[in-house]
Structure formats: structure tokens, C-alpha cells
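Chain by chain, the residues run as shown.
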Amino acid sequence: MQTSNLIIALLVMSALAYYFGYQRSQSFARQLGGVRNLHSLPTYYGMRVALWCGLPSALLLFICLAFEETIISKMLLSGMPADLRPNSIAEYNLLMNKIENLASGALSAEGVKPALLDAAAALGYLRDTSQSLLTGIAVLVAGVGGLWGWWKMSAQLRARQQVEKIFKGFLLLCASLAIFTTLGIFLSVIFESVRFFQQVPISEFLFGLEWSPQTAIRVDQVGGSGSFGAVPLFLGTMLISFIAMTVAVPAGLMSAIYLAEYAGSRVRSFVKPTLEILAGVPTVVYGYFAALTVAPLIRSTGTDLGLSVTSESALAAGLVMGIMIIPFISSLADDVINAVPQTMRDGSLALGATHSETIKQVIIPAALPGIVGGVLLAVSRAIGETMIVVMAAGLAANLTVNPLDTVTTVTVQIVTLLVGDQEFDSAKTLSAFALGLMLFLVTLGLNFIALRVVKKYREQYE
Amino acid sequence: MSNSSKGTTELIRKTLAKRYRAEKRFRLYGVIAILFGVSCVATLFVDIIGKGHGAFRQTYIQLHVNYDADILGVSDINDSQQVALADFSGLVKKSLRTKFTDVSGRREKRELYKIVSNSAEYELADRLKASHSLLGQSEKIWVLADDDIDTYFKSLNSSDGPFIGRTSEKQQQWIQSLIDDGQIELRFNSGFFKTGDSREPEQAGIGGAIVGSLFTLFITLALAFPIGVAAAVYLEEFAPKNRWTDFIEVNINNLAAVPSIIFGLLGLAIFINFFHVPRSVPIIGGLVLAVMTLPTIIISSRAAIKSVPPSIREAGIGIGASPVQVVLHHVLPLALPGMLTGTIIGMAQALGETAPLLMIGMVAFIVDVPGGFTDPATVLPVQIFLWADSPERAFVEKTSAAIMVLLAFLITMNTVAVVLRKRLERRW
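The listed protein sequences correspond, in order, to chains E and F. At position 134 of the first sequence the residue is numbered 134 (my numbering), and the sequence of numbers has no breaks. Position in the second sequence (first residue = 1) + 1000 = my numbering.
Any given hint could be a false lead.
To be verified - List of simulated lysine to aspartate or glutamate pairs, EDC-like, C-alpha gap at most 20 Å:
#, chain 1, residue 1, chain 2, residue 2
1, E, Lys165, F, Glu1237
2, E, Lys98, E, Glu68
3, E, Lys456, F, Glu1237
4, E, Lys455, F, Asp1246
5, F, Lys1093, F, Glu1139
The set of hints was computed from the structure by calculation and includes no laboratory data. All values reported here derive from a predicted model rather than from experimental measurement.
Just chain E, with the same shape it has in the complex:
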């Protein structure tokens, strides 16, 4: 039976279990003279039996499906002659693919080693066996579980508590997924990074000044030395983020101040949603805008002024990234400025300060921690932004701070190294994960500090 059919079968069995559990509790109720003499409502008895039927079999199914392929391939390999056994992960994948294709008939059997043909036949046989075995066991477990749940029923059974306990367990599991996600991210970058640092020393990665990840495929190849000094990438990332922040911080902050302190409600109700449109525009659209509209504009302006501007200048990417971040900063700043107590404003105005003096000398200093937190969050966003730089910034890892020159960033390199064909044990591919680790750690640190600062600030006025 196919897995999807099996799942449907289990669902049907659970529904039946619910029905029988419900009926049995009703018959208890009749004997005792009404539902109110049961411990729980009849639906809880039904649900309890359904859970007994469905939950263990579903768990079993999940575990079996997760390990089925691994076990089958282990069994296949152990049946093979020693000279065919793979030595590395790449060889292993190749071999498994070949057997897979033979079994499905995509590869013709002509001229293939008989051992492989046997393996392909065995694969089909093992799959069929495991599928029918799984069906049998899952249905059996569901049946036995359902019967057990049904058998154990009594009028005094605390069915509601049991069902609610499982429900709360499910909720806790869902909430804990956030932790597993973080853990998953961490593990996925750390393992490959460790493998990378075994090939390239960590000091070279962190302090090397040259980045050219082309590794030689053959020993005698020219120009594929592969050097992994990430400083040009860090510098490029910082340059573009810096340009973005010089656009976004003044524009975002000033518009937030104007909206919070000066603007009337009509201006506010028009400008705020308009600025928020900028936040909703997908980054790929900004990337397209930067590459096809802003970059040529900067280039032609620069040429008119007698400057040499590359077509993939850091300035174009940075400017557009700044535009993207404006609403982010303005809405965060708006929040913190509005959180400053009105009494402080009134006090300052009563002393004769003008409105702008009040803002500059009272409100901003009071709101500063919140604003700093918001700016830090914005910086972490700029560092991690991908599509704008992939489309508008270049690939050349130049060690420069000239905004008119081409630079590349950490995210651009991750995308370039991982899109398309890849071999999973070359330093070139692994370096992307090392860059990912750096990105993750830096943004995590920034977010952590920023969130703490904002939280502390909020507590101050609450």
C-alpha cells in the first residue's frame, strides 16, 4: 500500500475508534442514568480512543519512513562484492543513483555489472517488502491501540484530563520548534564549517586579504589555486551596509520625528501607509530596480562628472538598500518616540524651549536607547540582505572602500557558491557554509544586543 493511502487508512481507523468510544461512553451513561454521571463528556471518551488508535501508529509510521531508505541502502551494500563498495560519500551517491535508475528502468541493463543488476532487483524487492511490512505493522498497532483504549474505558476514567494533557504536549512541541529551528540552523552551518576549517585554516579565512574560491579540479590546472581570505567580503558588506545606513538613518529618523511630532492626522494617515508600501515590496523588485534603473543612472551621472563608475557600483546597491530600510527605521523610531511620556514634552515646552529644541534635547536623548536598538536591527538586516546585492553588486572581491567601485558581499558569495551544480566536499562549496556561519553569528549578536537594549528601554517608561 502506498504511504498516502496508508495515512488515509489510519485516519479512517481513528474516526471509527472515535465513533466506538463515543458509543461505549453513551452506553455507560444509559446504565448510570445520564451523561452527567460520567466523569467526562462523551466526546472526550471518543477522542481518547481515537488518540490511542492514531497516535502510536502515526509515530511508528513517521520513524519508519525516516529510516527506511538508510536501512535499505545499508542492506544493499552489505550484499555487494567488496570491489564495488564505495569509499566516499560522492561515490556512494553515484552508486545509489545508478541502482535507482536501473531499478526504475531509466538506465538500460546492457553492459552493467551483474552485481549491480542484482542490487537493482533487490532494491525493488526490499522496497515492496518494507512497504507491505510497514502497512501491516501500522494497521496492527492502530487496531491494538484502539482496542486497548476501548477496553480500558469506564465511567470513572479521567478521559478529559488525558486528552487535554496530550493536547498541551502538542502545543509545547509546536512552541519548542523555534528552538529546534535555531538548533537546526546552527548545526547545518557548523558541521560544514568545521569541515571547511579542516581544509583552510581559520586564521586565513578571517584575516586573508584575497578571495578567489575557484579550486583546481585537476592537479595541473592553471589559475585555480583557491584562496579563501574573507576580508574583502566583510569589507564589501560593511561598505554597502554603511551606504545604506547613511541613506536610511537620516531619512527614516527625520520622517519618524516629523510624523510623530509635527504632522497632522491627515498627513500621517496618508504618509505612514505610503512609507509602509516600501517595506512590503519584495527584495527581488528592489534588486531589479537597482540593477536596471539606479545603477545606469549613477553610471551616466558619474561619467558626466568625469568619474569612472563601474556598472555594478556599491553605491547603487547601497542606495537602494537604504530605501528599503527607511520604513523599517521610521516605524521603529515612531514607536519609541511615541513611548516617551507626554509630561517630558510639556515640561520642556513650558520652560520656553521651541518644538525642535524639545525634540533634540529632550525627546531624542530619552528615546536614544530605543533608536539605537532599531538602528542595530536595521544594520543586521542590511548585512543579511541578499537579493539587492546579488542583482546589483558584483562578484569581484575587491579590497576597496570606494563606493563607485565594484565590491562583493558575504551573501552574494553564498548564493554564487551554492546555486547550480555543487560537489559537497570541495572547499569551494564548504566555504559558503563558513560564510553562513559568520553571517548567522554576526546577525544573531546584533539582534540579541538590539532586542535587549529595546527591552530595557521599554521597561524604563512602563
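Based on the hints, put chain F in the right spot on chain E.
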């Protein structure tokens, strides 16, 4: 005493003009900042609509086609083998040669054949397969023009003069004569919404990408909404105050600010390389996007649950409901509008996301419209990314048009969220 106070007043009066000027300047900075932001929005939209509106219409050329059995090489129309192998491009070439009799030499002929798209022959084949009686008959049909011709024809009346690109002078003369005969015109480009990607810009459409986006978003919604709501309910209603709960909260807040590309690395290393989920399919895309949007949904759902007043819970408990019953029967239904709003916003974010999908192989060139969750697919933003990289001039128009469609989807979703909030929001 009165002297010094008078001095102070004097001093203040003197500096007052300066202070008012500073006040005005400060206000001006604010206005400039706002004008800058608003003009950015305007420029972005004007630029994209200006570039993309043309793609909704496509150039068609009228051909007089004679389904000549000799050219086709079909002797028996009922033999499907013969029809499949028939030379339909020969028909197209023949009809072009009869229209323009002055063409001589191989180079000129090649240029002539290039003015119609190579999809013309497939269209003829489909027509003949649909009605066998056409064999030996003549008919006038409109076929797609090639993308270079399309770009040239659309730019004929533009203020900067026509965009010549790769079109030759001879081709321009032919187009002029087609215009004079009324055999070339712009028509609504319905194919743009139906077909998948293509190397030929005139045949490329966003149909495949839209369907791929829908499948992917369905998976995202099916995973992220129940899990997000469950997590929010736990954290707001049942979580004990302990380290584990604090740790969960810190993780959710941090995940909300992790760069999206990192989720792509997670998908690649964990889902693809460890759990062997196939690449390039809506399932893996939906999984990664669900993990990415989960924090957004959890945070907004928590806010919605928090806004339900405690008196509701107390009343429920008071008449004997268990805490779980109170949550399921009262708190959740009341918080649902807020949760839906947050979920729609999260879905809009997922719809516009590109970077993590590049890592998990959704960036492939896919011609067919996907038919299920396990078919290779691409999504709308990735299609935009792919087209933006294509060198053909005609793709600029297509890219902008695809962006317009994407923005239309996003604006609709956000509007629905706002309307929903306004309609169903309850002030306690």
C-alpha cells in the same frame, strides 16, 4: 535684580529669531525626509509600470497559410506518425515567401523566417491535428511575432525613436509593409498568464511560476498556520514561567530577525542533504518558507490572544470550563481575526521571498506548468530574478510585468488583511 532679568529677556529676544530659524530648518528636514520616502515609492512604481505595461500586449503577424500536403509530406492525414513528423515550419516559410516575393539569397531568407516566432509551426500543427479537413485548404491565422520584432514594433511610436536592437533594415521594411497591409497588430497577451518559462521571450509566461507559487504557499500555510497558532496559544495561555519558556521566547524573537538566506542554508543542509527531500519542488520550498514565516505568525498570534480580555477567561473558568476548553471555545474564536491578519501578512512575506529558494534549487529553468506538490517548480519572485538576468531586451518588459503581477498579489493580500482587521476587530 530687575536689571539682570531684563538682560536675560534681551538676550532671549536677540536669539529668538535664530532659534525660530532653526525650528523652521528642522521642520524642513522632516518634510524633505518624507518627500524623499514618498518620491521613492512613486519612482519605483512609475519606473516598473512604465517598463512593464507593454508586456500585456504582444505583436501578432497575420499569415496566409496553405496546408499543402506536398510541403508537409503528409499523404494520409489519419496517420498520426506522419502528422507528427510533418514539416510545419515549411508551411510558415512558404507563406512568408509568398507574401514577400522580392526576397533572394539565403541570408535574406533567414532574416525573413526570423520575423515570426518558432511557436507558429506548433500552432499550425495543433490546428491541423484538431481539424483534419484543413489539409489542402488555405486560411488566415495570426501568429506570434519574434521578440526582436515585437520590441521594435512596440517602440515605433516612442519619443526616442524605435529600438532597433537586432532587427535588420530589411526586416524593418517588411514590418512597414505588414503595417501598411494591416497584417501586424498588438493583441492582449493571454499566453503570458498561461505558459511557463521559455528561452524565447515572446513565448515566456508567468503561468508556471504563479501555479508554483500557489502550491508552495499552500504548503507554507498548511504548516505554519496551525503550528504558529499552537505555539502562540501555548506561550500565552499554558506556559509556566521557567527557563525553557524564556529560552523559547528568545529564540522566536531572534529567528524573526535572522536573514532569510540562512533559512536557505538550513533547507539545503537539513531538509535536502539529511532528510533527502527532493530539490526544486513546492514541498521543500513550502517547508523552508514555513520555517521562515513561523516567527511572524507566532508573534502576531500572541498579540491577538493577548488582546482578548481576561474577564472572558475568568467567566469561562467560573462556570466550570477547563482551561483548555476556555481557550478552544472562547479565546481562540475571539482572537482568530487578529491571527488571520498576521498570517496573511506572513504569507505575503513568503510570497515575495527569493533568497532562501535559490539555495534549494527552485531557481531551475522550468517550462512546464507544475501539476502537483512534487513536480519541479519555480515561484514568481525567482522567475523575476531569472528573467532579470536574461540578456534579451524583450525580457526587460516581461520582468517588469511579472513584478506588476507580484505587487498586485501582495497589495491585494495586504488590503485584505487591513480590511479584515477593520471589519472584525473588537474593541473591548
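Status of each hint after checking the structure:
For the suggested pair Lys165/E and Glu1237/F, the alpha carbons sit about 14 Å apart, so the restraint of at most 20 Å is met. Distance check on the hinted pair: Lys98/E and Glu68/E sit about 19 Å apart at the alpha-carbon level, within 20 Å; holds. As the CA atoms of Lys456/E and Glu1237/F are separated by approximately 25 Å, the hinted pair breaks the 20 Å bound. Taking the CA atoms of Lys455/E and Asp1246/F, the gap is about 14 Å. The hint holds against a cut of 20 Å.
For the hint linking Lys1093/F to Glu1139/F, the alpha-carbon distance of about 15 Å falls within 20 Å, and the restraint holds.
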